[in-house]
Amino acid sequence: MSELAATSSTPVQWERFTPGQRLLRYGLWLFCIWAIAQSVRHIEVIPEFLYDAPEQMADMLGRMWPVDWAYYQPDVHQGLMETLHMATLGTVLSLGLALPLGVMVAPNVTKSRLLNMIARVILVSSRSVNSLVWAMLFVAIFGPGPLAGMFAIALRSVGFVGKLMGEALEQTPQGSIEALQATGAGKFAQLWYGYWPQIKPAFWSVALLRWDINVRESGVLGLVGAGGIGVVLNTSIDLFQWDRVALVLITIFTVVALAEIVVLQIRKRVL
Amino acid sequence: MTPTPSATPAGRKAFGWSWSQKAMLALLLGYAIWALSTMGVSAERLGSGGAAAARFLGLMFPPELGKMDELWQGIKETMQIAVLATAIGIVLSLPVGLMSASNMAPAPLRAVGRTLIAVCRALHPVISAILFVKAVGFGPLAGILSLVVATVGFVGKLFADAIEEISPKPIEAIRATGASFMNVVLFGVLPQVISRFVGFTTYQLDSNLRNSTMVGIVGAGGIGGVLFAAFLRYEYNFVFTILATVIAIIVAGELVVNAVRKALHV
Chain A
1 MSELAATSST
11 PVQWERFTPG
21 QRLLRYGLWL
31 FCIWAIAQSV
41 RHIEVIPEFL
51 YDAPEQMADM
61 LGRMWPVDWA
71 YYQPDVHQGL
81 METLHMATLG
91 TVLSLGLALP
101 LGVMVAPNVT
111 KSRLLNMIAR
121 VILVSSRSVN
131 SLVWAMLFVA
141 IFGPGPLAGM
151 FAIALRSVGF
161 VGKLMGEALE
171 QTPQGSIEAL
181 QATGAGKFAQ
191 LWYGYWPQIK
201 PAFWSVALLR
211 WDINVRESGV
221 LGLVGAGGIG
231 VVLNTSIDLF
241 QWDRVALVLI
251 TIFTVVALAE
261 IVVLQIRKRV
271 L
Chain B
272 MTPTPSATPA
282 GRKAFGWSWS
292 QKAMLALLLG
302 YAIWALSTMG
312 VSAERLGSGG
322 AAAARFLGLM
332 FPPELGKMDE
342 LWQGIKETMQ
352 IAVLATAIGI
362 VLSLPVGLMS
372 ASNMAPAPLR
382 AVGRTLIAVC
392 RALHPVISAI
402 LFVKAVGFGP
412 LAGILSLVVA
422 TVGFVGKLFA
432 DAIEEISPKP
442 IEAIRATGAS
452 FMNVVLFGVL
462 PQVISRFVGF
472 TTYQLDSNLR
482 NSTMVGIVGA
492 GGIGGVLFAA
502 FLRYEYNFVF
512 TILATVIAII
522 VAGELVVNAV
532 RKALHV
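These protein sequence lines are chains A and B, in that order. Per the working numbering, residue 1 is the first one in the first sequence, and the count goes up by one each step. Per the working numbering, residue 272 is the first one in the second sequence, and the count goes up by one each step.
Simulated from the structure, these hints should not be mistaken for lab results. Here the structure is a predicted model, which means the values were calculated and not measured. Some hints could be false.
Unchecked claim - Taking lysine to any residue and the SDA-like style, the derived pairs with C-alpha atoms no more than 25 Å apart in a straight line are: (1) 347(B) to 50(A); (2) 347(B) to 29(A); (3) 293(B) to 100(A); (4) 293(B) to 189(A); (5) 347(B) to 46(A); (6) 268(A) to 254(A); (7) 533(B) to 25(A); (8) 347(B) to 37(A); (9) 200(A) to 300(B); (10) 347(B) to 124(A); (11) 268(A) to 293(B); (12) 268(A) to 437(B); (13) 347(B) to 41(A); (14) 338(B) to 43(A); (15) 533(B) to 26(A); (16) 293(B) to 53(A); (17) 200(A) to 290(B); (18) 293(B) to 196(A); (19) 347(B) to 45(A); (20) 533(B) to 14(A); (21) 293(B) to 88(A); (22) 293(B) to 208(A).
Make the full structure from the sequences, and use the hints.
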């Protein structure tokens, strides 16, 4: 009886979730467990290989030592330069392509629903196809070499940069845009004088971030023939020259770390 | 009506380019031309590429629809790789994240955690996949291991950063009751970061799904192997089918995750 009195004196029952939400949460947990169980049961993992793995890894690392430093000049160095060019030019190209797409995808700038949809589909497709797959496509078009790698980097980055540009445009405060519209400014003038100064910091920050990612990604494109240091890596692995593989890996690590430091410094000083 | 001279300073244009901006642009242009020349790129090669691209796209149509079995096998394996890699990676990144947060762990332990994260992040999934293929042989196991490494690198770092940003007050309150370290973590730390953690997890599942198509190219299982084989056999119409399926799955996954997050307000 006293319990009933207690509940009636507090007519509002505070609950964190509605029953539907609670059901959804339990359903999600069940789904996760089901998915993991299914995956464990059906994936073809050979247990002998798993037991063997630490030994094999140790063997491989043993073969990587000592590192063949002499191999750096000229082969690795040339591959490295090609990789950096691919990453930089690809980023520049993708920025050029991403700006119009970003304008197209932002509903407050482009009023047409159809154009928004088209731009969104292009951006999502660009992001869903991996840079390695893009590289395979462009190797089929341009033949092997860094040109294919540059286009692969560019087309992979467009989705990322365009999406973030679109979001930046959507979130632009409308005050200065309305002021421009009141003066009768055209579409281009609105973009150039109204939107651009407001999204400029976001633009450069995204460009830097993407360049950093592209330096990492361009290192492996050579595996499918798209130029850069990945070609050297692939050749060394195919020839079982593990001391050279180690050198290439160390080079890639160093460059990736340097790129990150450079980006961090620029970000701190300029943005 | 003519504007007063003071309103328009002579020759000054609003939002004009300053000389330093022009210099930067010229520098960038010069670099692009020089880099393209060292890469052996010419207008003629770009032109021939256009024709090749048109022919290539022509070969992709009509899409091959007769190999659904092969496609489904690859997709299933890709999904299994992504699910397992995410699950294992998340479980491992919990301790790694706790270890690397400056407000939870002493300095020596933190150094170990941060180094581990840095190594995992520096290894591109494809490179670690190559190494794992050499170590454990061809097949999905190598793919799972390499994506676990990638997951620990990404989620571990974000998780550590999230823990560093939490409010110390609930932790102090729980410590004051004489709670053990595990209880502090369970009731003081986790409730503050769990919603961001769920966000990282769904993002990582998505990105593992994308990346598991990539590790297949070097022999680590999944749809990537099927894709690469189709490429080597010049079956470009099957390549198109595979790419379209992968894009559709990723888009569908994104829509589902967004709908669930909206329903749960996380």
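Comparing the hints with the structure gives:
Between residue 347(B) and residue 50(A) the CA atoms are separated by roughly 21 Å; this keeps the pair inside 25 Å, and the hint holds. A distance of roughly 21 Å separates the Cα atoms of residue 347(B) and residue 29(A); the hinted pair therefore holds under the 25 Å criterion. At most 25 Å may separate the alpha-carbon atoms for a hinted pair to count; residue 293(B) and residue 100(A) meet this at roughly 22 Å. Proposed proximity of residue 293(B) and residue 189(A) is supported: the alpha carbons are some 20 Å apart, at most 25 Å.
Of the pairs offered as hints, the one joining residue 347(B) and residue 46(A) holds, with about 18 Å between alpha carbons and a cut-off of 25 Å not exceeded. Simply put, residue 268(A) and residue 254(A) have alpha-carbon atoms about 21 Å apart, close enough for the 25 Å limit, and the pair holds. Restraint check for residue 533(B) and residue 25(A): satisfied, since their Cα atoms lie roughly 12 Å apart, inside the 25 Å limit. Restraint check for residue 347(B) and residue 37(A): satisfied, since their Cα atoms lie roughly 14 Å apart, inside the 25 Å limit.
At roughly 20 Å between alpha-carbon atoms, residue 200(A) and residue 300(B) fall within 25 Å of each other, so this suggested pair holds. Using a Cα cut-off of 25 Å, the hinted pair residue 347(B) and residue 124(A) holds, with the two alpha carbons roughly 22 Å apart. At most 25 Å may separate the alpha-carbon atoms for a hinted pair to count; residue 268(A) and residue 293(B) meet this at roughly 23 Å. Distance restraint check for residue 268(A) and residue 437(B): the Cα-Cα separation of roughly 24 Å lies within the 25 Å cut-off, and the hinted pair is therefore satisfied.
Between residue 347(B) and residue 41(A), the direct Cα distance comes to roughly 12 Å. Compliance with the 25 Å bound is thereby established for this hinted pair. Annotation: proposed proximity of residue 338(B) to residue 43(A) holds, straight-line Cα distance about 21 Å (limit 25 Å). Distance check on the hinted pair: residue 533(B) and residue 26(A) sit about 16 Å apart at the alpha-carbon level, within 25 Å; holds. Annotation: proposed proximity of residue 293(B) to residue 53(A) is violated, straight-line Cα distance about 56 Å (limit 25 Å).
Using a Cα cut-off of 25 Å, the hinted pair residue 200(A) and residue 290(B) holds, with the two alpha carbons roughly 18 Å apart. Restraint check: the Cα-Cα separation between residue 293(B) and residue 196(A) comes to about 17 Å, which is no more than 25 Å; the hinted pair holds. Our distance criterion of 25 Å between C-alpha atoms is met by residue 347(B) and residue 45(A), whose separation comes to about 14 Å. Restraint check: the Cα-Cα separation between residue 533(B) and residue 14(A) comes to about 21 Å, which is no more than 25 Å; the hinted pair holds.
Between residue 293(B) and residue 88(A), the direct Cα distance comes to roughly 19 Å. Compliance with the 25 Å bound is thereby established for this hinted pair. Only pairs whose Cα atoms come within 25 Å are accepted, and residue 293(B) paired with residue 208(A) is accepted, the gap being roughly 20 Å.
Checked against the numbered hints given earlier, this structure breaks only hint 16.
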